[in-house]
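If you read the protein sequences in the order shown, they are chains A and B.
Here this note's numbering is used: the first sequence runs in plain steps of one and ends on residue 209.
Here this note's numbering is used: the second sequence runs in plain steps of one and ends on residue 209.
If you are wondering where the hints come from, they were derived from the structure by calculation, not from laboratory data.
All values derive from a computational prediction rather than experimental measurement.
Any given hint could turn out to be false.
What the hints assert, rightly or not - Using 35 Å as the maximum straight-line C-alpha spacing, the simulated DSBU-like pairs for lysine-lysine come out as follows:
hint	chain 1	residue 1	chain 2	residue 2
1	B	LYS199	A	LYS120
2	B	LYS79	A	LYS197
3	A	LYS199	A	LYS95
4	A	LYS197	B	LYS197
5	A	LYS199	B	LYS122
6	B	LYS122	A	LYS79
7	A	LYS122	B	LYS79
8	A	LYS120	B	LYS122
9	A	LYS79	B	LYS199
10	B	LYS79	A	LYS95
11	A	LYS95	B	LYS95
12	B	LYS95	B	LYS199
13	A	LYS95	B	LYS120
14	B	LYS120	A	LYS197
15	A	LYS197	B	LYS199
16	A	LYS79	B	LYS197
17	B	LYS120	A	LYS79
18	B	LYS120	A	LYS199
19	A	LYS197	B	LYS122
What the hints assert, rightly or not - From the derived model, a few chain A residues whose C-beta atoms are all more than 12 Å from chain B:
hint	residue
20	GLY97
21	GLU98
22	ALA99
23	GLY104
24	ARG108
25	ASP134
26	ASN166
27	GLN167
Claimed, not checked - Rough simulated footprint, nothing fancy, chain A against chain B, three-plus residues with beta-carbon under 8 Å:
hint	region
28	70 to 82
29	139 to 147
30	151 to 165
31	195 to 208
The beta carbon of each residue, even a glycine, is placed where N, CA and C say it ideally should be.
There are 2 protein chains.
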Amino acid sequence: MKLINKWALASMTAAVILSAVSCSSENNYAPAENKDNNAALENIYTRTSVREYTGRQIPEDTITILLKAGMSAPTAMNKQPWKFIVVNNQNVRNKLGEAIPGVGDKVRTAGAVILVCGDKSKFIEEAPEYWVQDCSAATENILLAANACNLGAVWCGVYPVQERVNQVQSILNLNGTDLVPLNIITIGYPTALHTPKDKWDAQNVVVVN
Amino acid sequence: MKLINKWALASMTAAVILSAVSCSSENNYAPAENKDNNAALENIYTRTSVREYTGRQIPEDTITILLKAGMSAPTAMNKQPWKFIVVNNQNVRNKLGEAIPGVGDKVRTAGAVILVCGDKSKFIEEAPEYWVQDCSAATENILLAANACNLGAVWCGVYPVQERVNQVQSILNLNGTDLVPLNIITIGYPTALHTPKDKWDAQNVVVVN
Numbered sequence: 001m002k003l004i005n006k007w008a009l010a011s012m013t014a015a016v017i018l019s020a021v022s023c024s025s026e027n028n029y030a031p032a033e034n035k036d037n038n039a040a041l042e043n044i045y046t047r048t049s050v051r052e053y054t055g056r057q058i059p060e061d062t063i064t065i066l067l068k069a070g071m072s073a074p075t076a077m078n079k080q081p082w083k084f085i086v087v088n089n090q091n092v093r094n095k096l097g098e099a100i101p102g103v104g105d106k107v108r109t110a111g112a113v114i115l116v117c118g119d120k121s122k123f124i125e126e127a128p129e130y131w132v133q134d135c136s137a138a139t140e141n142i143l144l145a146a147n148a149c150n151l152g153a154v155w156c157g158v159y160p161v162q163e164r165v166n167q168v169q170s171i172l173n174l175n176g177t178d179l180v181p182l183n184i185i186t187i188g189y190p191t192a193l194h195t196p197k198d199k200w201d202a203q204n205v206v207v208v209n
Numbered sequence: 001m002k003l004i005n006k007w008a009l010a011s012m013t014a015a016v017i018l019s020a021v022s023c024s025s026e027n028n029y030a031p032a033e034n035k036d037n038n039a040a041l042e043n044i045y046t047r048t049s050v051r052e053y054t055g056r057q058i059p060e061d062t063i064t065i066l067l068k069a070g071m072s073a074p075t076a077m078n079k080q081p082w083k084f085i086v087v088n089n090q091n092v093r094n095k096l097g098e099a100i101p102g103v104g105d106k107v108r109t110a111g112a113v114i115l116v117c118g119d120k121s122k123f124i125e126e127a128p129e130y131w132v133q134d135c136s137a138a139t140e141n142i143l144l145a146a147n148a149c150n151l152g153a154v155w156c157g158v159y160p161v162q163e164r165v166n167q168v169q170s171i172l173n174l175n176g177t178d179l180v181p182l183n184i185i186t187i188g189y190p191t192a193l194h195t196p197k198d199k200w201d202a203q204n205v206v207v208v209n
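Only chain A is shown next, with the shape it has when bound in the complex (with noise of 0.2 Å):
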């Protein structure tokens, strides 16, 4: 790789004990407690793909706290270019089971079923691809906010696979909107508990010094 030659490559430090996490003092608006900023850090760290749920439906409350996460993302040029389909019924999740791989037997026992779409009509004009990143860092929230919760989760891919996408806009009668289907999340209580990978490679990490 190039970057050896010009530039010192060094790896970080790659001992992260979950049970130690601390974040540093150094700065001016310390914590009154380290022990919740210590439990924000646990739930990025322990959020994991959860495909097997107990069948029992999601209150409306909790839902909505998933989706308010979802809506805290970020954006580029705060556009919020997003519509998030939570979808109830069962035929229409059956239907996407059906169509979509890997999504399959999810939607009969998930406990809510949410489309995280692109919204065309908030698409930037000079780069309007940018929306998949913010309804990606959305999804990314909904998925953290059901770990919170107690709740397993799964992102299926759709975008951009064409054929995907077609289905979906044809099950939900997409067509002729503005709405461009991102992915589903299947999101349930689940069936047993779930140890995270432990993903930390330090070979992934590059500095430039």
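With chain A's structure known, arrange chain B on it following the hints.
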């Protein structure tokens, strides 16, 4: 919108008061303390873009906490198609600031500058563009972890604006490598407290019953 013709459109209850967030207790794995879960939600709700910093550098162990959050994001087929470039060199930071609109002043007072890059060698052959979604989720995790550490941060877009991609690749000598810069995250100790935007909008929710 055709959607209205076919499916019932219902707006969700809009009032989610931050101080009153609570997760449903209807699940198999109720937390010992709800407070911790609420802290994770509050961290998502209170993240906001912070663009002015004190100039104090962020310790390496805190940067590691942020990167570990980035690497905790989900990725399509678990490819983890990313590299994180930590730019400590002030000369390089300044060049990035001059080249990329909106980065400018931030790099001069940032306590850390992280570039989130896609790694082409790990892209999915049939759908390479999923890297954008994967790296966006990682970026959001870094921003949230920064908020949990009482740091401020902002996501400065690079990809897919080709001119910006070229500039960053040139400054960091990435040409000929597998790395595609998605964004530049500037992070620092805030100079002031920031009130997050309330972006909840019930009109962005569509319910299919």
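We went through each hint and held it up to the structure:
1. B:LYS199 <-> A:LYS120: 18 Å, holds
2. B:LYS79 <-> A:LYS197: 13 Å, holds
3. A:LYS199 <-> A:LYS95: At roughly 34 Å apart (the allowed maximum being 35 Å), LYS95 (chain A) and LYS199 (chain A) satisfy the hint.
4. A:LYS197 <-> B:LYS197: 33 Å, holds
5. A:LYS199 <-> B:LYS122: Status holds; Cα separation ~14 Å.
6. B:LYS122 <-> A:LYS79: Roughly 31 Å separates the two Cα atoms, so the pair holds.
7. A:LYS122 <-> B:LYS79: 31 Å, holds
8. A:LYS120 <-> B:LYS122: 30 Å, holds
9. A:LYS79 <-> B:LYS199: 10 Å, holds
10. B:LYS79 <-> A:LYS95: Since the Cα atoms of LYS79 (chain B) and LYS95 (chain A) sit roughly 28 Å apart, the hinted pair holds (cutoff 35 Å).
11. A:LYS95 <-> B:LYS95: 51 Å, violated
12. B:LYS95 <-> B:LYS199: 34 Å, holds
13. A:LYS95 <-> B:LYS120: It holds: about 34 Å lies between the C-alpha atoms, which stays within 35 Å.
14. B:LYS120 <-> A:LYS197: Holds, at about 22 Å.
15. A:LYS197 <-> B:LYS199: 32 Å, holds
16. A:LYS79 <-> B:LYS197: Satisfied, since the Cα-Cα distance of roughly 13 Å is no more than 35 Å.
17. B:LYS120 <-> A:LYS79: Cα-Cα ~29 Å, so holds.
18. B:LYS120 <-> A:LYS199: Holds - the C-alpha atoms of LYS199 (chain A) and LYS120 (chain B) are around 18 Å apart, at most 35 Å.
19. A:LYS197 <-> B:LYS122: 18 Å, holds
20. GLY97: Given that every Cβ of chain B is farther than 12 Å from that of GLY97 (chain A), nearest at about 14 Å, it holds.
21. GLU98: Check passes; 16 Å lies beyond 12 Å.
22. ALA99: 15 Å, holds
23. GLY104: 16 Å, holds
24. ARG108: 16 Å, holds
25. ASP134: Non-interface label on ASP134 (chain A) violated, nearest chain B Cβ at 8 Å vs cutoff 12 Å.
26. ASN166: 15 Å, holds
27. GLN167: 15 Å, holds
28. 70 to 82: holds (count 8)
29. 139 to 147: Result for this restraint: holds, n = 7.
30. 151 to 165: Coverage by chain A holds here, the residue count being 6 at a Cβ distance below 8 Å.
31. 195 to 208: Since 10 is at least three, the answer is holds.
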